[in-house]
Every structure is written in structure tokens, then in C-alpha cells.
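Number of protein chains: 2
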Amino acid sequence: METIKPSQNSPIGIFDSGLGGLTVLKSLEKILPNESFLYFGDTAHVPYGTKSAETVIRYSQHIMDFFQKHETKAVVIACNTASAVAYQQLQQIYKIPLFDVVTPSVEYSINITKSKNVGVVGTFSTIQSNAYTKMFKKLGSGCFVKEVPCPLFVPIIEEGWADTAIAKNIAETYLKEFQDCNIDTLILGCTHYPIMANTIQDVLSKHIELIYSGKTVGIKLKEYLKNQNCENSSNTSQSVKYYVTDFPQKFDELGSRFLGRQLNNVTHIPIV
Amino acid sequence: METIKPSQNSPIGIFDSGLGGLTVLKSLEKILPNESFLYFGDTAHVPYGTKSAETVIRYSQHIMDFFQKHETKAVVIACNTASAVAYQQLQQIYKIPLFDVVTPSVEYSINITKSKNVGVVGTFSTIQSNAYTKMFKKLGSGCFVKEVPCPLFVPIIEEGWADTAIAKNIAETYLKEFQDCNIDTLILGCTHYPIMANTIQDVLSKHIELIYSGKTVGIKLKEYLKNQNCENSSNTSQSVKYYVTDFPQKFDELGSRFLGRQLNNVTHIPIV
Numbered sequence: 001m002e003t004i005k006p007s008q009n010s011p012i013g014i015f016d017s018g019l020g021g022l023t024v025l026k027s028l029e030k031i032l033p034n035e036s037f038l039y040f041g042d043t044a045h046v047p048y049g050t051k052s053a054e055t056v057i058r059y060s061q062h063i064m065d066f067f068q069k070h071e072t073k074a075v076v077i078a079c080n081t082a083s084a085v086a087y088q089q090l091q092q093i094y095k096i097p098l099f100d101v102v103t104p105s106v107e108y109s110i111n112i113t114k115s116k117n118v119g120v121v122g123t124f125s126t127i128q129s130n131a132y133t134k135m136f137k138k139l140g141s142g143c144f145v146k147e148v149p150c151p152l153f154v155p156i157i158e159e160g161w162a163d164t165a166i167a168k169n170i171a172e173t174y175l176k177e178f179q180d181c182n183i184d185t186l187i188l189g190c191t192h193y194p195i196m197a198n199t200i201q202d203v204l205s206k207h208i209e210l211i212y213s214g215k216t217v218g219i220k221l222k223e224y225l226k227n228q229n230c231e232n233s234s235n236t237s238q239s240v241k242y243y244v245t246d247f248p249q250k251f252d253e254l255g256s257r258f259l260g261r262q263l264n265n266v267t268h269i270p271i272v
Numbered sequence: 001m002e003t004i005k006p007s008q009n010s011p012i013g014i015f016d017s018g019l020g021g022l023t024v025l026k027s028l029e030k031i032l033p034n035e036s037f038l039y040f041g042d043t044a045h046v047p048y049g050t051k052s053a054e055t056v057i058r059y060s061q062h063i064m065d066f067f068q069k070h071e072t073k074a075v076v077i078a079c080n081t082a083s084a085v086a087y088q089q090l091q092q093i094y095k096i097p098l099f100d101v102v103t104p105s106v107e108y109s110i111n112i113t114k115s116k117n118v119g120v121v122g123t124f125s126t127i128q129s130n131a132y133t134k135m136f137k138k139l140g141s142g143c144f145v146k147e148v149p150c151p152l153f154v155p156i157i158e159e160g161w162a163d164t165a166i167a168k169n170i171a172e173t174y175l176k177e178f179q180d181c182n183i184d185t186l187i188l189g190c191t192h193y194p195i196m197a198n199t200i201q202d203v204l205s206k207h208i209e210l211i212y213s214g215k216t217v218g219i220k221l222k223e224y225l226k227n228q229n230c231e232n233s234s235n236t237s238q239s240v241k242y243y244v245t246d247f248p249q250k251f252d253e254l255g256s257r258f259l260g261r262q263l264n265n266v267t268h269i270p271i272v
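Line by line, the protein sequences are chains E and A.
Just so it is clear: in the first sequence, position 37 is 37 by this note's numbering, and no numbers are missing.
Just so it is clear: in the second sequence, position 115 is 115 by this note's numbering, and no numbers are missing.
If we strip away everything but chain E, and leave its shape as in the complex, we get (with noise of 0.2 Å):
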């Protein structure tokens, strides 16, 4: 990956095509503390898992240009579509050190599966990429790899009913594809799923551990920003700004269910 050095007091850039990133962000927060984020929700092209590799790409392009603009020292695709189907694209596009969401949650799968069996679900169009298949076998892993979509996800969690009897009931229907398979660890490769990780975990066997990608690429970022000696060495606080494409409808409610908290310092961005 040819990329520019980064700048240790630059922001670092995430996007999404809507909010199910802010996830990832509230991982990144954590592990990273003394960095500052812009985060960049497409949320008038919401959902990419539906639209064709073509149009993610393009959308995703759009995106990069404004980070560039706004020198981030590194990016974050915190959205497992474009993750799957712009990343490699993009890397040839772009200069900025970039950070897909599918790579790191592999890698760190890789160490810690003992069954060597692992599972990993996502919405349709993730899926049926098999982006994470074959990182698995790019890596020389070894593993068995089973990915199940569960479309339903999203839209129960948005719903609000993610800790439901229909949530546990929908997450029976799709994890029984598992049941034969002796997987130890699952991907949860969708940036909503963390929402619904107790009704997940609830329907699988106690000892399946569940792999969440902003802790996965939290950990690599954090390494990279050491490695290249850019951490932040400011003694500002903490920022995050927020940028949207549109206002949807539940934006509040939805944006303070994946943060855990209220959403300040949104700025609208109609043409992106």
C-alpha cells in the first residue's frame, strides 16, 4: 500500500453508508483515545448492501475525495459492503492509509479459533461477495469458513426490536445453518449486528465467541498510527464531527442507539 505520511495531529476519517458505523466509531473512541474522528454517514444513499458493486464504488470515490480534502490521516471503511466490494479500488485511488473492516476481524479469527471452524454473517451483499472467504484463504489460514446473510438484521435492529422473542426467533432461523458446522468464533460482519449481539449470542452455544469489527480494526489503526510514530500528541481533547448526505427519518433516534449517546456537530452535505 503506497500512502502518504500522515500528519499526527490530522483527524481520522470513518464512513458508512448510514450510521450503522457509529459502532465502529464508538470502538475506535475507546482504543483511541486521544485521536479526533470525522465520520461520514451516506445517508442519502443508504443502504450500499443492496446496490450493485458499480454504484458502492462510485459513492465510496465521493467519499474518499472529501477526506482528502479535509487531510485525514487515515480512513476506516466502516461499512462491510463497501469493505467487500470498493476497498481495493480505492487503495489504488487513493494515498491516504486506508482500513477496511474485513481484514483485521480475519486476522484476529485466525488467532484465536481453535476448531479452526469459523462463521460469519453479513447482509446479502457481503455475503454473497465472500470478501471474508477469501481473506481467509488469502491468508493461508486454513480454516473452514461458513457465511450466512441475515437480511432481517438491519431492519429489526433499526426497528428497535433487537432483544425481541421475533428478533430471537428470526436469529434461530438463520443460525441453524451453523449448527453442524463446530464453528468456535463468529464474525459479526455487519456494523449493525453489535446492537443485536446479546439475542446472538443468546441463540448460539456459550462458548462461540463473537468477533466485532470496530474492536478488530481498532487494534490494527492503533498499531499503524504507533509503527508510523502518528498518534496524536496534542493535548486537545477528544472531537468527532459528523457528516451526512441527508436527514432520514429516526436519524436522532437511530444515531444515539449506535453511539450510545447523542449525536452533536452533524453537518449536512445534500450532494456528496
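Warning: the hint list may mix true and false statements.
Identical copies look the same in the list; a pair holds intra-copy or inter-copy alike.
Here are the computed lysine-lysine pairs in the DSS-like style, where the Cα-Cα straight-line distance is at most 27 Å [unchecked claim]: (1) LYS134 with LYS250; (2) LYS250 with LYS168; (3) LYS114 with LYS206; (4) LYS250 with LYS176; (5) LYS134 with LYS95; (6) LYS146 with LYS250; (7) LYS138 with LYS95; (8) LYS222 with LYS95; (9) LYS137 with LYS116.
Just so you know, the hints here were simulated from the structure itself, not pulled from any lab data.
Go by the hints and put chain A onto chain E.
Just chain A, lined up with the frame of chain E:
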């Protein structure tokens, strides 16, 4: 409504944020067997139901420009969100005779309800707009109107689970809101919902009549074309052309589920 005089043999335009409007097309084909249609699905921006009114109006204008260029003799907004938030503005801008899906269903319901208590189900944004309640009031119906958002109906239909126990469970959860309202008429205020009509009817008292917007707008459009002496008089057989702004996941599967047959003559219009 100041409109241009349509040409008899021109096609009728139909648009939706995605493929749900195909259920309206299906009804129109039956009611108007001599007419030809252009169907426009704005699949790069689907769903409209989670976008702001401003954004939905902008997208709808692009589609109306397309229909204007193609000289359609009338346009049906086969999308409840666009009908609710963009219809009036589009009427002021364009001279093409324009039909929404809210007004005809309200007029039809006023004619058939005996209890004068009418229910409406739709997406969050359609219900939030209060478009149905406002139209019942505007027409001086004297009806009591109860509107209930059912945000999970669309994703459960798109998952192909419309006739499952989970769908019934979700429908029971939403529709119990109507149990003390003595409604005898329920407007399906979303073009997806006809696919789930059996489950919805199963949960409700048998005497409650479901209202399909494809049927009600079809009857109104037929009357209009007759009054204007604008029915297609040529002997050519009915034709349909489809235009979409993206080829999303499950495109063929969804399209054929909504339409009851395969989609042919599909043209991709990348940027609208």
C-alpha cells in the same frame, strides 16, 4: 391541475423507488389491457421511505424529466412515499397528467366503508407524513382514520418470507393496534404489501376489506383516459419497457415475485 393534452397512443409512465411499483403495473395491465407502459425503478436510490422529503422530491423530478422526454401521456407515482411527499410539487412543475396512489385509495375507501373507520398501513415515512389522514379530511369524509407504520413488512417480503410464521408474528404485533378501532377497510399503503396480503388478511377479522392502490389508481386512470378520449386506439399489443438506475441484488428474483413473470426489456440508466 393544468395539464397538456395527451396523445392517444403514447405510453403511460409508472415510477417507484424500486421494484415494489411492479404490483401497481400488474394491476394497470389488467385494467388497461390496450395501453403500453414505461416502468421506471430508481433502484440506485431505493428505498425512498428512509430519505428526507427534499431528497425524494429531487429524485422524483429527475424521473419526471425522463418521462417528459419520452412523451408519456400520463404518469402514475406508484410509490407511496413519493405520492405522500412529492405529488403536489410535481403537479405544479409538470404538465403531464399525474396520478398518485394515495388519493384513489382514499376515495375508494370512503365509498365502501360502512363503519366509517378506516385503517392504513405503510412505511414509517409514509405514515409519518400523515398523507392519508390529510386526504380523508380534505375530501370531507367524516371517517376516523388510524395509520400504523409497519417498517418490517418490506424487508420480510424482500426476504421471501411473506407467508411464514415469523411474518404472521410481525403482522400480529403491528396490526393489534387496530383491534379496538372497528375498522372495516384497510388500505395497503405500500406497493410491496400486496405480496403479503394473505398473511395480513389472516391476522385481521375476515370482514375487513384490503384496499390495493394498483386497483384504485387503475380505475381512476381508466376513467380519465375515457373522459379525455385518450384511450389507446391502435391495434398493437400491450408493451412494457423497464428502466432502472441500478441492478441490485436479487433483481430478477424480486422483479418476478412482484410482477408474476420475468422482466424483459430492462434498460439500465446509470445516472438520473
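Evaluated hints:
1. LYS134 with LYS250: between (36 Å within a copy, 22 Å between copies)
2. LYS250 with LYS168: For LYS250 and LYS168, both the intra-copy (23 Å) and inter-copy (25 Å) Cα distances are at most 27 Å.
3. LYS114 with LYS206: Answer is within; shortest intra-copy Cα gap is 15 Å, inter-copy 56 Å.
4. LYS250 with LYS176: Only across copies: LYS250 and LYS176 sit 23 Å apart there, 32 Å inside one copy, limit 27 Å.
5. LYS134 with LYS95: within (24 Å within a copy, 53 Å between copies)
6. LYS146 with LYS250: between (34 Å within a copy, 21 Å between copies)
7. LYS138 with LYS95: within (23 Å within a copy, 58 Å between copies)
8. LYS222 with LYS95: Within one copy, since 19 Å is at most 27 Å while 59 Å is not.
9. LYS137 with LYS116: The answer is within: 13 Å in one copy meets 27 Å, while 63 Å across copies does not.
Comparing the model with each earlier hint shows no violations; every hint is respected.
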